[in-house]
Amino acid sequence: MYGKRKLTTVFAVAAFSLSLGLAACGSENATTPTAQPTGVPTAVPTTVPTGTATPGAAGVFGPGCGTLPTDPANPGSLEMMAQQPVATAAAANPQLATLTAAVQQAGLADTLNSAEAVTVFAPVNEAFAKIPKEQLDQVLANPEQLKKILTYHVVGQKVAADKIAGTHQTLEGQDITVTGSGQDFKVNDTATIICGNIPTRNGVVYLVDGVLMPPS
Amino acid sequence: MRQLIRPALTGLLAAAGGIATAELVASLTRPEASPLVAIGGTVIDATPTPVKEYAVSTFGTYDKPLLIGTILLVLAALAAAAGVLAVRHRTAALVLVGLLGLGGAAAALTRPGGRPLDALPALLAGAVSAALLAWLAPKAAPAPISPAPPPPSPGAQAGQPGSDRAGTGRRGFLVAAGLVALGTALAGGVAALVRRRGAQAADQARGQITLPAPADPAPPALTTPGFYTPNQDFYRVDIALTVPRIDPRDWTLKITGRVDRPVELTFDDLIKRPLTERDITLNCVSNEVGGPYVGTARWLGVPLAPLLRAAGVQAGADQLVARAADGITIGTPVATVLDGRDAMLALAMNGQPLPLEHGFPIRMLTPGLYGYVGAAKWITELELTTFATYDAYWTQRGWAAQAPVKTASRIDRPKAFARLAPGPVTVAGVAWAQRRGISAVEVQVDGDPWRQATLLPTASTDTWVQWTWDWAATKGSHTLRVRATDGTGQVQPEQRADPFPDGATGWHTLVMTVG
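First to last, the sequence lines map onto chains A and B. To get my numbering, take the position in the first sequence, counting from 1, and add 728. To get my numbering, take the position in the second sequence, counting from 1, and add 7.
Because the hints were derived from the structure by calculation, they are not lab data. Among the hints, a few may not be true.
To be verified - Just a few of them, taken from the derived set where beta-carbon distance is under 8 Å, the chain A residues facing chain B:
| no. | residue |
| --- | --- |
| 1 | T816 |
| 2 | A820 |
| 3 | G835 |
| 4 | L836 |
| 5 | D838 |
| 6 | N841 |
| 7 | A845 |
| 8 | A869 |
| 9 | E872 |
| 10 | L874 |
| 11 | K886 |
Unchecked claim - Take a look, some chain B residues computed to stay more than 12 Å from chain A by CB distance:
| no. | residue |
| --- | --- |
| 12 | P123 |
| 13 | Q211 |
| 14 | R256 |
| 15 | V296 |
| 16 | D346 |
| 17 | I418 |
| 18 | A423 |
| 19 | A425 |
| 20 | H485 |
| 21 | T486 |
Note that the structure is predicted; figures quoted are calculated from it, not measured. The C-beta atom is built at its ideal place from N, Cα and C for all residues, glycine as well.
Let's have the full structure, built from the sequences with the hints guiding it.
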């Protein structure tokens with residue numbers, strides 16, 4: 729009886745699926761205009777009912793992730809950041825307002841957006857707030873120093889969460905070291921990753937609670 | 008709980024039989040009329056854009072199978088529910104099934120380009136499902152307590168007549184269920200075969216097309232590497248759930264709306280007309296500054312203006328709405344199509360019949376406009392209408408109704424964050440301002456004065472211009488910026504603007520390190 733019933737079920741399911749000659753979707757290097765004010769690279773606009781659309785956050789970890797906007801229509805949400813090149817994605821996140829201003833000040837936004845693949849350790853606003861205002865203003869007023877500091881936060885390839893522990897050469901030239909495991913990582917022993925592995929179109933973002941200073 | 012299994016399966020089987028019938032009918036008539044495809048399209052349209060993008064980014068190329076799978080699961084759940092409902096309330100269950108069929112029909116009818124007959128497969132699905140349910144449900148129901156049970160058949164074990172009756176009931180159900188399953192599998196199988204043959208027909212027909220020589224050829228092709236974008240690297244933008252596979256022998260293009268003489272053209276009609284060959288750069292409005300969604304190809308097509316003039320555009324018709332097999336609508340100003348530019352119905356790209364994903368058999372091109380207002384793929388209808396009375400797909404979503412290309416330039420070499428040796432470095436890139444052309448490109452290193460880049464030979468004002476500039480790179484970190492001047496003398500605006508709603512502006516700026 730069970731076997732027959734199973735067979736019937738198989739028939740039913742097979743019959744449901746058989747007639748679908750639906751092919752796979754398009755190439756990945758395609759884009760779609762969207763109702764959002766930024767370019768969005770979707771192969772083909774398509775969808776999954778909202779209820780099932782949770783696994784995307786799977787790779788993201790850390791206590792700070794909870795502060796990201798949850799409305800998928802919000803440009804600062806994980807959903808939207810995933811569609812944008814990295815600097816545009818960061819600019820949409822209110823937690824990264826100071827960083828975004830600094831990136832623009834240093835003229836790095838296009839470079840980050842045009843890079844083939846990057847990993848960005850992105851200090852949140854509170855990280856910059858830890859720097860005495862005078863010192864911060866001084867850095868912001870010095871594009872060369874600012875560029876040096878900011879590129880020290882960028883690695884020239886995508887580094888996923890399982891490879892994040894270790895030493896990485898930054899685009900500034902000097903290395904940074906990430907220590908820890910699980911969901912608990914420190915960068916250069918000074919900054920904590922508060923939300924890691926945030927995907928963007930051309931890079932991965934790790935929110936950190938401290939600004940990293942190049943040793944020399 | 009256990010007694011619910013058979014009714015639930017009954018519902019599933021009935022629905023499967025109905026859907027398979029619908030798919031078979033749709034595959035034999037019009038694949039677009041498939042209720043599943045229609046419902047899928049409707050769900051996609053009803054889904055907020057960010058959710059769609061999230062789905063794409065999260066599930067990648069599995070997004071559409073997942074969508075269809077989810078729709079099937081929901082349908083299956085509803086079908087099972089209808090089966091269970093049928094135990095007590097047969098009429099209610101049949102009404103539910105009928106409503107599902109009507110829902111599918113509504114989805115098919117309201118799809119862009121939907122035709123009245125498109126409702127047929129879904130209605131048939133509802134009717135067949137209801138009939139199967141009405142037939143199967145009594146067999147699935149627990150054995151009724153009969154006042155006069157028939158005598159046990161000879162040779163049957165006496166003593167437990169109740170269980171024996173359950174046995175024959177079960178056997179009857181299994182036979183009926185098996186029959187339905189078999190019929191469903193057959194119908195579904197044939198539908199899949201027919202559909203595959205249809206897809207192969209498109210591929211085959213594409214392979215058999217011999218491109219005629221252009222009556223109006225383009226100048227000899229440029230030989231500079233990178234001027235033409237290979238078809239497989241050409242960016243792709245569309246809303247197609249599946250890449251439409253159109254057999255050009257079954258395809259027509261209608262010119263309708265505010266015209267004196269509506270016309271329906273076949274692929275043969277078009278390919279036999281005098282063809283124009285042009286190099287044209289096409290770009291996407293959602294391209295950010297320095298972004299990758301721009302490309303140049305050598306196109307072969309039928310000039311559009313004479314076709315419209317022959318149809319007789321009526322006074323007041325200021326918008327040409329292209330409808331396409333993927334459901335998109337694209338609105339183009341009639342004036343731009345008729346102003347002498349090479350607006351065309353393209354049938355070949357870089358010497359090949361249009362690739363399927365680039366709009367086979369025919370796509371529209373309007374030089375000087377972003378693709379979303381001038382370059383519909385898989386085009387099936389051109390309707391003359393007005394901007395006042397109709398908003399095309401992206402206009403409905405807030406993008407500008409009119410969107411001429413903005414002057415733009417991009418540094419392609421060296422790459423972002425490049426590490427270079429001091430000394431001579433060739434900086435190179437592209438600049439474009441279709442229709443106006445590019446008269447100058449300048450590069451600036453850090454705060455130094457702007458330097459003139461060398462413009463390489465280009466095909467026309469409708470294509471991008473490649474440029475190079477020799478840089479004596481000195482040690483240190485440097486910021487390079489580029490700006491173009493269009494053919495009218497206008498310098499590309501420095502002011503940053505996002506792509507929404509009518510295209511990005513700003514000077515592409517890259518940081519690189521020397522030493």
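Legend entry - 12 Å Cβ clearance of B:D346 from chain A: The assertion about B:D346 holds, with a minimum of 24 Å to chain A.
Inset, instruction - Please verify that hint: A:A845, Cβ, nearest Cβ of chain B, below 8 Å or not. - result: Violated - the Cβ of A:A845 stays beyond 8 Å from chain B, reaching only about 10 Å at its closest.
Inset, instruction - Verify that the Cβ of B:Q211 lies farther than 12 Å from every Cβ atom of chain A, and report whether the claim holds or is violated. - result: About 16 Å separates B:Q211 from the closest Cβ of chain A, which puts it past 12 Å; holds.
Legend entry - Cut-off 8 Å, beta-carbon criterion: hint that A:N841 touches chain B: At 6 Å from the nearest chain B Cβ, A:N841 passes the 8 Å test, so the hint holds.
Inset, instruction - Would you settle whether the hint for A:G835 is holds or violated, based on the nearest Cβ-Cβ distance to chain B being less than 8 Å? - result: holds, 5 Å
Legend entry - Whether B:P123 stays farther than 12 Å from all C-beta atoms of chain A, as the label says: holds, 22 Å
Inset, instruction - Let me know if the C-beta of A:E872 comes in closer than 8 Å to any C-beta of chain B, holds or violated. - result: holds, 7 Å
Inset, instruction - May I ask you to check that B:R256 keeps its beta-carbon over 12 Å from the closest beta-carbon of chain A? - result: holds, 19 Å
Legend entry - Beyond 12 Å from each Cβ of chain A, as asserted for B:T486: violated, 5 Å
Legend entry - Hint check, A:L836 versus chain B [nearest Cβ-Cβ separation less than 8 Å]: holds, 6 Å
Legend entry - Non-interface claim for B:H485 versus chain A (Cβ beyond 12 Å): At about 10 Å from chain A, B:H485 fails to clear the 12 Å cut-off, so the statement is violated.
Inset, instruction - Report holds or violated for the interface hint on A:K886, using the least CB-CB distance to chain B and a cut-off of 8 Å. - result: violated, 14 Å
Comparing the model with each earlier hint shows violations of hints 2, 7, 8, 10, 11, 15, 17, 18, 19, 20, 21; every other hint is respected.
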